[in-house]
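Novice: Now that you have both chains on their own, put them together as the hints suggest.
Now for the letters of each chain:
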Amino acid sequence: MGADDAWSAEIKWLPFTPDPDPLALDEDLAERLLDGGLRPDQAPAGYAAVAALLAAAAAPSPAEPAGQEAALAELRAVTRARRAIPRATGRPGRRRRVGLLVAVAVLGLSTTGIAAAATGTLPAPITDTARRIFATADDTAPMPSTRPGRQPAPSTGDGAAVGAASQGQRPRPAGEPEATAGPGASNDDPCRASKTGKGADKNKKLNAGASQAPVEAAGDPDNVTSECQNSRPDGTEGDGQEKHPPSNGQGRGQGGEPPPDAGSKPGQGQAGPPPNSGGGSPEKGRPIETGPRRTSFSTSR
Amino acid sequence: MIGPTFPAVLTAAATGDEDAFGVLWHDLQPRLLRYFKVIAPGAAEDLASETWLAVIRGVGRFQGDEAAFRAWVFTIARHKARDRWRQAARKPVQELPETGLAEPLAPDDPAATVLEDASTRAALALIATLPAGQAEAIVLRVVAGLEVNQVAELMDKRPNTVRVLTHRGLRRLAERLGADQGPRARRAV
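Protein chains in written order, with the working numbering: chain A, 1 to 301; chain B, 1 to 189.
There could be a bad hint or two in this list.
[To be verified] Derived list of chain A stretches under chain B, where covered just means 3 residues or more per stretch with a C-beta under 8 Å from a C-beta of chain B: (1) 25-32; (2) 36-48; (3) 52-61; (4) 102-110.
[As the list claims (entries may be wrong)] Every beta carbon over 12 Å from chain B, so not counted as near; a handful from chain A, in silico: (5) W7; (6) P20; (7) A66; (8) A77; (9) V78; (10) R83; (11) G113; (12) A118; (13) D128; (14) T129; (15) A130; (16) R132; (17) I133.
Hints were generated in silico from the structure; no laboratory data involved. Where is the CB? At the ideal position from N, CA and C, for every residue including glycine.
The shape of chain B in the complex, shown without the other chains (with noise of 0.2 Å):
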């Protein structure tokens, strides 16, 4: 969060001044990547670049405070992954054999590996394997900061129905955990 500054900073990245949209940038940015890790993996920066070019021929025209200026970037990022996802529908990508990749991970790894160091990347790993919906509503709540509200606007579902999304997802998460958490206990007994 940017905090009391926020409109100062704006007004001045909306006019060119590059150290000003270097703080919305390096406050964005990290939170954009978690999402399309999310939502789109493999084309997370792809995404985060186009998003922020649309940032930055809109920020002229946006008028708000930081929560409804992060609602409306993550509202571009969630156009951007769309339009992707359409382009991969249109044009399908050819599968690639299995044999010449590495040997996939086992179904306990990502949790395991929260566990043990709690890293971004597994974090964002284990939220991404549970249905789009409530990955989506997670992230968007949990990484972005937006509001139940804020989130329903930009999933295009009713306030209830993000709440029962972040609920059922947040319940599943539990029982990941727990079902990893019973092995690991018993192999450390």
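Chain A on its own, in the form it takes in the complex (with noise of 0.2 Å):
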């Protein structure tokens, strides 16, 4: 530094003015560009041009816009659609309507029948269908030929009723058919019981007074078989109290065809329970009615 030099002290700094940004853009002027509340004259030095882009970007377009009609044919047919709906949703709604109906009648039915049922009121041939069934399934059910002594249920299941149903003292509703008259109508015979008599002696017991009357018509009791075979037939002759279809050889009232030989074996005594089983029980003569399940009952024995 020579001596012309000025000494650093005297030198006169100017103050620092930085360039003024001139795009400089604050947030006011920022929205007022974008609303379009700025005239391209009334913009800041820089943003006059950017005014005048966002004005005709968003002028209004003097050419009719394509595509009105194809937008309007879309319009159509969603209303049309739309209008189709609520007769769409209208069957679902009576088809509800018309299951309710059904359901509402089923209850009402099945109500009234079980209370019907229940004050033992049903009329003769519902009473008679259902024994048929009742009568059917014990009839199918394996387990009546392992033993012996047991009854189908009669309708009341009353245990009681069915013995005195063997008993030949079984009530009979009104109008029954005697067809179906169940088990307790083959002990009601007294040809039967005299046979099953002939292979007990216990069911002497039982069914003396039941077997008094075949004994006293055939005048000897080895004739009971031969007076109780012309006296089925017609069906004419029982106990004196009922009469009875010709008997299908099983005592089961079921009204069907009995087997060939059903009932012919079993009244000889020939697979009827020994004399010491069963003995007094109002179901001994079931051998007579079940003849081929006792055959194999007691074979299998």
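Specialist: Pasting the structure below:
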């Protein structure tokens, strides 16, 4: 540094003046530009062209835009479909109502049927059908063959009634067909009682009264079989209280065709219970009614 | 803008009134086309049609004022554009040889055109040169007429982010236009 040079302290520093940003943009100005509230001549330097550009971008289009017809066609289609929807949804509503009515009807009929069954006021055909169903179910069950004394349950399901029926005292509803009289009807037959009595001494005790009629009619106990055979075909001979149709040989009252030899051999006491088994039981006439089953039972035993 | 009659127009359009629907369509179709020309150039017409189909099917369930309806329509439009982008990504379009195309425009041509005739097309073309986020935010604010919050919701961004995007976009437009004005001024001299 020479003598002519000034001291640094003598240098007069100019104040620092940074170059202002010519494109400075505050938030308010930006909003006014974007909203279109700032005309080009009102815009600050540097943004007049931007204001003109944005105004041009947002200007209404002088040309009619194409595609309106296609949009209207779609609008028509959607409107038609929308109006068709309520009609389509009405069907399930009607179905629901019909289903509800059917459910109410079924419920009412079921309730009425149960009430009628509980009070015992069911019509005779319904009672008859129910007995047939129960008798069929019992007939197809395998257990009775292993339980010789078991009787098919009557419609009341009362065990006492079963015993009474086996004694020929089972009460029968009015109008009940005799063919569906059930197993008790077979024991009502004094001929069968007497046949059973041939194989079991104890049968004589219970069925003595009932077997007296054929014995008396035959004049000799040994002639009971022939007397019964003579009296069975027309069904007019019985215990004097009930008129039975021709037996099916099983004593089930099913009304079906009996097996060719059903009830003949058991009636001979071949497959009957041992003299000391089941004696005194109200079901001891059962071996005669279920001859084939008893045969298999006794064979297996 | 439709104005105070918008609720009645919307109700009538929802029930299938073609005149009322025409009012909505004339108000929004130009805006939709401009929006698509910026964010999906080349498919604006198709995307606008798809948008209107969706609007027609859903207008019966829409509830809100005119601003909300406009935001709803542009939300549908953006979804349509995004679907188109996804399809394009799955099925890349084969590039055509450049020899068969017209000579590309000079870089400063869009701005020069805007300054000369201020046409809408040139303005949109210049906006389309911005980064995608900035261009979309500016178009939604200027063309669609949506507020900051509506744009933020539509673009799934925060309002401050939208403000920054629009601010940067405006500044960049100013830079582009100023840079273009300089040579023109010098040529005029």
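Novice: So, for every hint listed, does it hold in this structure?
Specialist: To see whether the hints hold, each was checked on the structure:
no. : hint    : in the structure
1   : 25-32   : holds (count 3)
2   : 36-48   : holds (count 3)
3   : 52-61   : holds (count 10)
4   : 102-110 : violated (count 0)
5   : W7      : 44 Å, holds
6   : P20     : 15 Å, holds
7   : A66     : 8 Å, violated
8   : A77     : 9 Å, violated
9   : V78     : 5 Å, violated
10  : R83     : 8 Å, violated
11  : G113    : 51 Å, holds
12  : A118    : 56 Å, holds
13  : D128    : 64 Å, holds
14  : T129    : 59 Å, holds
15  : A130    : 59 Å, holds
16  : R132    : 63 Å, holds
17  : I133    : 59 Å, holds
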